[in-house]
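Student: Sequence:
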Amino acid sequence: MGSTTSSKVEAIKPVLLKAGIPLVLSLAGFIYARIMARKSLSKAALSETQVNLSESNFHEGWKREESLHSLASTCIPSDIIDEPTILDTNSLAESSRIHDEPIFEEEIVGLRSRIDDLQMRELELQLQFNRYCDLREQQFVLVELRNIFSLETAHAEFLDREISSMEAEITRLDNLGIQYLKILEHLEHWKSENCLLQRKLKKLLKKMKAQSRIIKEQSLRIEAREAEILRNHDALETRISVTKKLEEEIRELHTVLDQMQVEKNELLEKLDLAERSSASKVEAENICKEEYNQLINELEQLQKERTAEVKELIYLRWSNTCLKHELMRNHQQQQRQRHNQEGNSLELDFEGSGRIIHYDSEHETDDCLVEHNVPCFGAAHSDHDYSKRKKLLQRLRRWVEGGDKAKGKLAEKEKH
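Numbering-wise (the numbering used here), the sequence shown opens with residue 1 and increments by one.
Some hints could be false.
[What the hints assert, rightly or not] In silico DSSO-like links for lysine-lysine, alpha-carbon gap of 30 angstroms or less:
| no. | residue 1 | residue 2 |
| --- | --- | --- |
| 1 | K207 | K191 |
| 2 | K244 | K304 |
| 3 | K182 | K200 |
| 4 | K311 | K264 |
| 5 | K245 | K311 |
| 6 | K245 | K264 |
| 7 | K324 | K244 |
| 8 | K200 | K245 |
Source of the hints: derived by calculation from the structure; they are not laboratory data.
Just so we're clear, the structure is a prediction, and the values are computed from it rather than from any experiment.
All chains should be modelled from the sequences, with the hints used to inform the complete structure.
Tutor: Dropping the structure here:
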């Protein structure tokens with residue numbers, strides 16, 4: 001568009017030049033013809049004035065001769081005129097002419113000089129008049145030229161305005177063309193990006209389909225694992241109840257052990273008194289020594305069992321805390337799984353892929369442990385420990401009963 005408008009402007013300029021030059025030349029020729037015509041008219045007027053002056057000079061000379069003849073006739077008396085003789089008149093005229101010739105010649109010279117002065121003045125006036133006419137003609141021509149020049153300047157200004165408007169239009173069209181080209185470039189760029197995005201979208205749709213299948217499989221696995229976790233939770237609750245019962249039994253054992261320690265101290269004091277008081281009674285002493293040795297052995301065994309029970313209690317507490325921690329971790333994992341299932345599938349595809357794989361590996365290890373019946377922190381030994389605790393309780397009861405019997409025997413010995 002810009003190239004076409006510029007070519008139009010370039011084509012208009014030579015047309016204007018071609019049309020303006022002949023107009024100017026024609027106007028100049030017209031003005032020159034007018035000036036030459038006026039000059040020819042002024043020359044004809046000068047020639048006419050000169051002819052008129054020559055005619056007027058001839059008439060004046062003729063009038064002067066007539067006046068001279070009239071003067072001569074007036075100067076001659078009437079008596080002489082009346083004479084019939086022509087010779088006298090001629091002689092008088094000749095004498096008057098001879099007498100007046102120098103005077104007339106002087107007057108003629110003065111008149112001629114005056115006529116020359118008048119002619120010179122007339123020529124000067126004629127020249128001034130011609131100059132005035134030329135100046136007037138030039139003034140008219142200048143006015144006409146000024147009008148023509150003003151018209152031409154107005155026309156030129158109009159053409160300049162048109163040219164400036166056309167140039168502005170050309171620049172606007174050039175800018176529009178540049179913007180159009182930029183828009184085309186942007187469109188091509190966006191088309192290429194649109195094609196790339198469509199390809200990426202197809203790839204993402206394929207990945208989404210594959211990920212949806214994987215998510216369905218994982219959801220099925222998660223449901224199975226949740227069922228297993230619920231079963232494990234029930235088993236853990238039963239174990240927790242068992243541990244609570246065991247803790248209560250351990251507390252009872254602690255109380256029994258404290259009582260037995262008090263009784264042991266009392267028995268030791270009583271044995272010391274018995275040893276001091278009954279030095280003569282050897283049989284009773286032997287029996288007491290045997291019982292004492294048995295009691296000491298039983299006490300040592302009880303102390304060992306107590307230390308073992310304390311260790312076992314510490315172990316049970318530790319296992320209890322581990323089980324609670326595992327339950328909390330399983331509960332948190334369940335919440336995370338639910339949150340991830342309720343989340344966006346795209347986030348699962350791009351952000352949670354690594355987490356899902358890690359989660360699957362952890363649960364696969366947990367499944368393997370559950371399948372092979374591997375206990376967490378030695379929880380499989382709980383049944384065996386429970387049987388041991390029952391045996392220990394039975395021994396403690398027997399020992400308490402034996403202590404009561406020993407107390408009765410010692411009381412009987414003190415009485416004797």
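Student: Now, for every hint given, state plainly whether the structure supports it.
Tutor: Results for each hint:
no. : hint           : result
1   : K207 with K191 : holds, 24 angstroms
2   : K244 with K304 : holds, 23 angstroms
3   : K182 with K200 : holds, 26 angstroms
4   : K311 with K264 : holds, 23 angstroms
5   : K245 with K311 : holds, 17 angstroms
6   : K245 with K264 : holds, 28 angstroms
7   : K324 with K244 : holds, 13 angstroms
8   : K200 with K245 : violated, 63 angstroms
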